[in-house]
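Undergrad: Quick note, the sequences are listed as chains A and B, same order. Just so it is clear: in the first sequence, position 79 is 78 by numbering that gives the first Met the number 0, and no numbers are missing. Just so it is clear: in the second sequence, position 288 is 287 by numbering that gives the first Met the number 0, and no numbers are missing.
Hints listed in this document are in silico derivations from the structure and should not be mistaken for laboratory results. These numbers were taken from a predicted model, which means no experiment stands behind them. Treat the hints with caution; some may be incorrect.
In silico BS3-like cross-links for lysine-lysine, where the CA-CA straight-line distance does not exceed 30 Å [to be verified]:
#, chain 1, residue 1, chain 2, residue 2
1, A, K63, A, K100
2, B, K205, A, K39
3, B, K3, A, K39
4, B, K188, B, K148
5, B, K188, B, K282
6, B, K4, A, K39
7, A, K60, A, K23
8, B, K155, B, K188
9, A, K5, B, K202
10, B, K3, B, K300
11, A, K5, B, K120
12, A, K23, B, K202
13, A, K37, B, K202
14, A, K37, B, K3
15, A, K39, B, K16
16, A, K5, A, K63
17, B, K16, A, K67
18, A, K23, B, K205
19, B, K205, A, K37
20, A, K39, B, K202
21, A, K37, B, K16
Interface residues of chain B toward chain A, partial, derived using beta-carbon atoms under 8 Å [as the list claims (entries may be wrong)]:
#, residue
22, P15
23, G85
24, Y86
25, S87
26, S90
Not close to chain B: a few residues of chain A, all C-beta gaps over 10 Å, as computed [stated by the list, open to error]:
#, residue
27, N2
28, L25
29, F27
30, L55
31, K67
32, Q91
33, G93
34, N95
35, E101
36, Y106
37, R108
38, Y110
39, A112
40, L116
Cβ coordinates follow ideal geometry from the N, Cα and C atoms, glycine included.
Here is what each chain is made of, one letter per residue.
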Amino acid sequence: MLNTIKTQIEYCNTPVREALERFKNLEFVDRCINEWEKGKQFPQAWSDSVDQSVNLNALKKADKEILKAFGNAFGTTDLNGQLNICSFYINQVGENLNDAKEQYKMYGRLYCAMGILSGTAIAIILI
Amino acid sequence: MENKKRFEQAISCVSPKVRSLLLNLPQEIKENTQEIRLRSDRPITIVGNYGCRFINQTGRVSYICTQNSAIISSGEITDTFNRICGYSVHSNQNDILNGFITLEGGHRAGICGTGVCESDKIVAVRDVSSINLRIAGEHFGVADEIISKLYSNGLKSVIIAGAPCTGKTTILRDMSRQISGGILENYYKTVIVDERKEIAAVKGGKPQNDVGINCDILDMYPKGQGILTAIRSMSPEIIICDEIGAMDDALAIESGVNSGVKFAVSVHASSYGEIKKRPQVKKLIDIGAFDYIVLLKSGTKPCVISQFYEVGEFKNEMHSNNVYYDFLYNSGQVFKPKIISKNKAP
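Based on the sequences and whatever the hints tell you, model everything.
TA: Shown next, in the form of structure tokens:
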């Protein structure tokens with residue numbers, strides 16, 4: 000999403016509203032547009048929708064904070080500023096993703112092994 | 000659209016607290032307000048045909064500024080600015096650098112702030128301190144006299160000359176509406192080169208002012224370039240543009256005239272004498288680019304015609320005791336006038 004927005008801004012100078020329309024299928028974007036239309040300030044509408052969206056519940060708090068910070072800065076500067084902002088948050092999200100992947104590598108097998116062991120233990124107890 | 004609705008449309012981008020104050024203004028004030036001036040941490044001022052007024056915190060209108068006058072905070076100015084931009088400063092960058100943003104309905108928000116300069120050129124504006132909301136008004140029929148007198152036998156090239164605030168742009172807009180709208184029993188193909196968004200006020204690709212059915216708009220194109228683009232790609236019968244002044248505008252018009260296109264343009268000049276002093280206009284008159292000059296009256300209400308001139312007469316008068324110019328093309332893109340003879344036609 001952030002990459003697409005960056006490209007749209009870079010080549011078409013697309014306004015925020017138009018850029019978000021493409022992602023209306025995402026529940027929190029749709030909610031944000033609706034709130035914004037009702038007269039809320041855009042950063043507020045964005046932040047509230049990130050908090051309230053059920054689909055984003057799986058995200059970590061840090062990830063949500065990144066999304067909120069992006070909403071605060073989106074559309075507030077000139078073209079170069081916007082491109083820098085997009086790049087910054089794309090990197091942040093990338094770093095978080097890498098951390099998550101590493102964590103998965105580290106703890107994935109452990110949790111799997113623990114699950115099998117616990118299951119076996121329960122089975123033995125039941126027998 | 001009636002004036003009250005125009006007022007309400009224009010203030011829809013103002014931050015909520017100030018908007019509710021403005022919405023509660025008396026009907027008469029709403030109908031006659033032309034400008035709403037918002038300045039950071041200073042009183043809200045409204046300007047109209049009634050003069051300059053202030054709004055109290057209770058929503059009442061006052062002649063003088065008092066301690067009770069409603070003040071707009073710098074935060075509310077920023078919020079209003081963001082709302083005007085649709086929270087997309089990057090999409091409005093050029094408009095901001097030009098000093099104003101066109102809003103839905105053709106209203107304009109003039110922006111004042113701190114300029115960020117790079118080698119003598121403003122590249123950005125930060126810390127917006129003032130916003131002047133100018134409420135647009137359309138005046139239908141102000142070009143009736145010009146259309147009936149000059150266009151009854153087909154299209155003509157016309158210069159509308161007048162001092163600032165004499166209604167030149169308003170007349171051009173009405174001319175476009177009538178010429179491309181079928182008033183002359185033909186929907187003439189019209190192109191407007193709207194360098195400063197003053198004629199059609201395009202917003203999101205849609206003209207906010209009625210400029211006629213068969214009309215195309217080159218929005219924010221530099222006039223010279225726009226005229227050439229129009230000639231190349233839109234096959235216009237008439238091109239309309241505002242405030243010609245630069246040499247490359249004149250050269251582009253010359254090229255258009257040689258392609259058989261008619262022009263309706265405006266020029267800043269309040270008298271004969273002032274038109275004579277403009278080398279680019281003089282050159283165009285010399286080559287027969289225009290058929291008529293319409294001089295507007297200044298000091299009265301806008302769009303009042305003072306005089307019609309046929310260019311033949313005007314040319315004789317202009318050449319009676321004057322200087323003649325030719326254009327030099329420098330190797331770059333700069334055109335400079337050169338005096339080629341004095342007191343005698345070349």
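Undergrad: Is the Cβ of N95/A farther than 10 Å from every Cβ of chain B?
TA: N95/A is indeed farther than 10 Å from all Cβ atoms of chain B, at 26 Å.
Undergrad: Against chain B, does Y106/A keep a CB gap of more than 10 Å to every residue?
TA: holds (40 Å)
Undergrad: For N2/A, is the shortest beta carbon distance to chain B beyond 10 Å?
TA: Holds, because the least Cβ-Cβ distance between N2/A and chain B comes to about 17 Å, which exceeds 10 Å.
Undergrad: So, G85/B near chain A? Judge it on the closest CB pair being under 8 Å.
TA: G85/B check passes; min Cβ-Cβ to chain A is 5 Å, inside 8 Å.
Undergrad: Hinted pair, alpha-carbon criterion (30 Å max): K155/B, K188/B. Please report holds or violated.
TA: Status holds; Cα separation ~14 Å.
Undergrad: Just to be careful, I want the Cα atoms of K5/A and K63/A compared with a cutoff of 30 Å; is the pair within it?
TA: Within the cut-off at roughly 19 Å; holds.
Undergrad: Does the structure keep K4/B and K39/A at a Cα separation of 30 Å or less?
TA: With Cα atoms ~22 Å apart, K4/B and K39/A stay inside 30 Å; holds.
Undergrad: Does the closest beta carbon of chain A sit nearer than 8 Å to the beta carbon of Y86/B?
TA: For Y86/B, the interface hint holds, since the closest Cβ of chain A sits about 4 Å away, which is under 8 Å.
Undergrad: Is K188/B close enough to K282/B, meaning Cα to Cα at most 30 Å?
TA: holds (26 Å)
Undergrad: Given the proposed pairing of K16/B with K67/A, does the C-alpha separation stay at or below 30 Å?
TA: holds (25 Å)
Undergrad: So if I understand the rule, the pair passes when the alpha-carbon distance is 30 Å or less; does K39/A with K16/B pass?
TA: Roughly 12 Å between the alpha carbons, so the hint for K39/A and K16/B holds.
Undergrad: So G93/A supposedly isn't at the interface. Is its beta-carbon more than 10 Å from every beta-carbon in chain B?
TA: holds (23 Å)
Hint check: no violations occur; every hint is consistent with the structure.
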